[in-house]
Amino acid sequence: MSHYDLIVVGAGIVGASCADEATAAGLRVAIVEPGPIGGGATACGMGHLVAMDDDPAELALARYSLRRWEDHADLAEAEFSRCGTLWVARNETEAAGIAQRVARLEASGGEAEAVDAQALYRLEPALAPGLCGGMLAPREAVVYPPRVALHLVRRARQRGASLYAGRAVRRLGRATVTLDDGTVLAGPTLVATGCALPELLPQLPLRPRKGHLLITDRYPGLLHHQVLELGYASSAHGTAGSSVAFNVQPRPTGQILIGSSREFDVTDPAVSGPMLQRMLQRAFDFMPALRGLQAIRAWTGFRPTTPDGRPYLGAVPDSTDLWVAAGHEGLGVTTALGSARLMLDLLQGRPPAIDPAPYAPARALA
Amino acid sequence: MTERYDVLVVGAGPAGLAAARAAASHGARVGLLDAQARHGGQVWRHDVLHGTPRPARIAFDLLARTRGHVEWLPQHQVISADHRTLLVETPRAAVRLSCGSMVLATGARELLLPFPGWTLPGVTGAGGIQALAKQGWPVRGKRVVVAGSGPLLLAAAATLRRHGARVLGICEQAPAAAVAAFAMQLWRWPARAVQAAVLRTRLAGIPYRCGSFVRMAHGRDALCGVDVDDPHGPLHIPCDLLAVGYGLVPNVELASMLGCALDHTRIHPCVRVDTLLRTSTANVYAAGESCGIAGLAAARIEGSMAGHAAAGFPAAATALLPSRQRARRFADLLAQHFALDARTRTLAGADTIICRCEDVTLAALDGFTDARAARLATRCGMGACQGRICGTTLAELDRFPHGGIRPPLFPARLATLATGDPSTP
Amino acid sequence: MSAAGTVRLSVDGEPVAVPAGSSVAAAVASVAAARFRRSVRGEPRAAVCGMGVCFECRVRIDDTPHQRACMTPAREGMQVSTDD
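Chains as they are written, first to last, in the working numbering: chain P, 34 to 399; chain Y, 732 to 1156; chain F, 8 to 91.
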């Protein structure tokens, strides 16, 4: 039996970040991952590093994490591109809420500014006419998460972590895990398995939330910022069976990444023609120029979603030496680094930099 | 707006033309589509200098004289599909077509294997140069080396000569004994034997080397010469064009998207069909090269069979079964005698580009045993060709198996993907 | 169409005449520098498969980028630009 200071189950962006932090703290770490590193939701999303102001706890975690992401701005694998985030209002009602949103973002330590209609079209000439304004977070960036996950795992291994690649955890015991090949690892365990969480920790409610994305051929210069509609948060935080929200991103390659959609209660990963149609029609409303672009690929992914939309970060209730870092919905990449720091503080009994209460797994069983 | 047909035939090469005619002969309303502007597919491609091949003209003209109605739909590219509906893109629009049954006659593409210099302008496929020359690509007076494998090399060389190119030589990788053995079996397929004899005449004076393959292409911004490995010793041949192809690979992507079971017996999958050319998906039939590379005769017979069956007349299809079986045996002959020498699979060096769309080298793929992991880390296969070129190469090199397929079947305008189906809420 | 059986178009501003029925790929190849596009690393690339599979022949035709030249019939007055 091999003994570790920490066994990290799952090497998506969250697990990889936790393994990296743990090894940096001098812990002897094991990483268990059945598939490609960063091959789950990490590989399917937009890689957008974004602060959303709707939920104060989410905002605090994001802000904490975004500061950590700055350390990777020069990492080649991250393909860090500081394109900024431009939020767009469809109408006066949405525009009226901008000042408050700017204030919240600034209060949290970020940079945000209101943008009037004129400035909006200077920033993004391709936007549909008739939009009345928006909000710009100029320092936000996009990254390529699968390669970051690979980098973090590689770094952890350089510090001595053991990678059990192609292996899954069959059973969680008391400070032990049994792998599918019978290997037993001993030590405190951190479960960071994303949508697979219910397999190991069924007591923590978590649902997959299907999303669609599409990427185009290269059109450098068409889009300058990640652009979202202000109504995106309603889609993300809402509980509707299905919804779409305008979200486009200029990749450093010059390709345009287009989203977004959300569906509960669908486990089939097949691309849905009707869902794509809805998503694209929404996108055309904001950016008609997208109509003529060549789409190369469409794909789906599943966001791990908890009932209140916040991740589980902390000790698993009614257990010893068992921890969880999962359920980040669409903010897994943004909040991975902050989540990892928070987890290490909790593991090592230090007061964390942000209040951990909103993410306490125990809340799910209350 | 959805156009309705009894039978939709995808692909207007020999198999598709035969299928359309057969289905229409029973009075069916047929839609015959092709992404190209003209019918003929590859082997019957219209030649700007020499016109449309006679059998293609005849096959097309016959469509106007059937009991049923055949609507010719050129420049209609299938983007997504289910067993009853096709979402199709045309140069300026998108349209949904619905049908009672469907015949897939999607043909084949060329197997391109990477080697140092293969990405230089001037290096094309062998079937590739044939297609390009026929569509007007200037080859007159150009010095061309034809290389790779299979009878297609001879056809390509003949086309090149007909268009005024100087064919410097044909490098067939199969050993002389295998080629001779193939030639000796041709008497069983008289039409092919005649074809071979005609080709021999047309290619008089062109060196035909066996056991021979191109190791490297040279040039800075364009091709200027090739290094050839030959049993008699290495050669360097200065040239303007290199037409190199290592055989044909069935186009199974649409079948795969429709959920049709594929046959994985050979390295490259083909569509699995029963004796009535039914695929495993209800109402979907397949015919021709997509069911396995077997040549023109098989494609024509199978097209007819599938058309009869798709129109609801299986007896007419079954009647053709014996000729089909004979024609299909040609496939085994090809596979046996033109199997690829192991050396053709090890031509690529560490710096050789494998994924042309994203410029991913062989070295970048080292250390990955999982196709998906390799894709995520390198972007290999994530470009415009959607993995058709590199995916086929990597399967041939036994690095990664063929992956799955998602819509769009080919790159398509976003407006096309947003085309709603009026019957879907 | 101009002179019987000829199509006139321009490639990178240069006038080109090709036989009717030719593809845009043929027109581009008629120009001295037969290069269709630049790869991700900036290398020159030209048509390979001739049948719409490899996407190496992508050019801009009349303001629409990323068109496969080998799959597009040349039409009178088309303005083709390479190397986009």
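Watch out, some of these pointers could steer you wrong.
Distance ranges between label pairs, derived from CB positions [claimed, not checked]:
id : chain 1 : residue 1 : chain 2 : residue 2 : range
1  : P       : Ala273    : Y       : Arg798    : 41 to 47 angstroms
2  : Y       : Thr1100   : P       : Thr300    : 55 to 61 angstroms
3  : F       : Gln86     : P       : Gln314    : 29 to 35 angstroms
4  : F       : Gly49     : Y       : Gly964    : 32 to 38 angstroms
5  : Y       : Ala908    : F       : Asp69     : 37 to 43 angstroms
6  : Y       : Ala924    : F       : Asp69     : 27 to 33 angstroms
7  : P       : Asp213    : Y       : Asn1014   : 54 to 60 angstroms
8  : P       : Thr300    : Y       : Ala953    : 34 to 40 angstroms
9  : Y       : Gln1067   : P       : Asp107    : 38 to 44 angstroms
Where chain F lies over chain Y, by a calculated footprint (3+ residues, C-beta under 8 angstroms) [said to hold, decoys possible]:
id : region
10 : 775–785
11 : 900–908
12 : 1114–1128
Worth flagging that the hints you see were computed from the coordinates, not collected in a lab.
Ideal placement from N, C-alpha and C gives every residue a C-beta, glycine not left out.
Here is what the structure says about each hint:
1. P:Ala273 with Y:Arg798: 41 to 47 angstroms: 52 angstroms, violated
2. Y:Thr1100 with P:Thr300: 55 to 61 angstroms: 28 angstroms, violated
3. F:Gln86 with P:Gln314: 29 to 35 angstroms: 31 angstroms, holds
4. F:Gly49 with Y:Gly964: 32 to 38 angstroms: 37 angstroms, holds
5. Y:Ala908 with F:Asp69: 37 to 43 angstroms: 54 angstroms, violated
6. Y:Ala924 with F:Asp69: 27 to 33 angstroms: 48 angstroms, violated
7. P:Asp213 with Y:Asn1014: 54 to 60 angstroms: Since the Cβ atoms of P:Asp213 and Y:Asn1014 sit about 41 angstroms apart, the hinted range of 54 to 60 angstroms is violated.
8. P:Thr300 with Y:Ala953: 34 to 40 angstroms: 51 angstroms, violated
9. Y:Gln1067 with P:Asp107: 38 to 44 angstroms: 56 angstroms, violated
10. 775–785: Holds: 3 residues of the region 775–785 of chain Y have a Cβ under 8 angstroms from chain F.
11. 900–908: Since 0 is below three, the answer is violated.
12. 1114–1128: Check passed, 5 qualifying residues.
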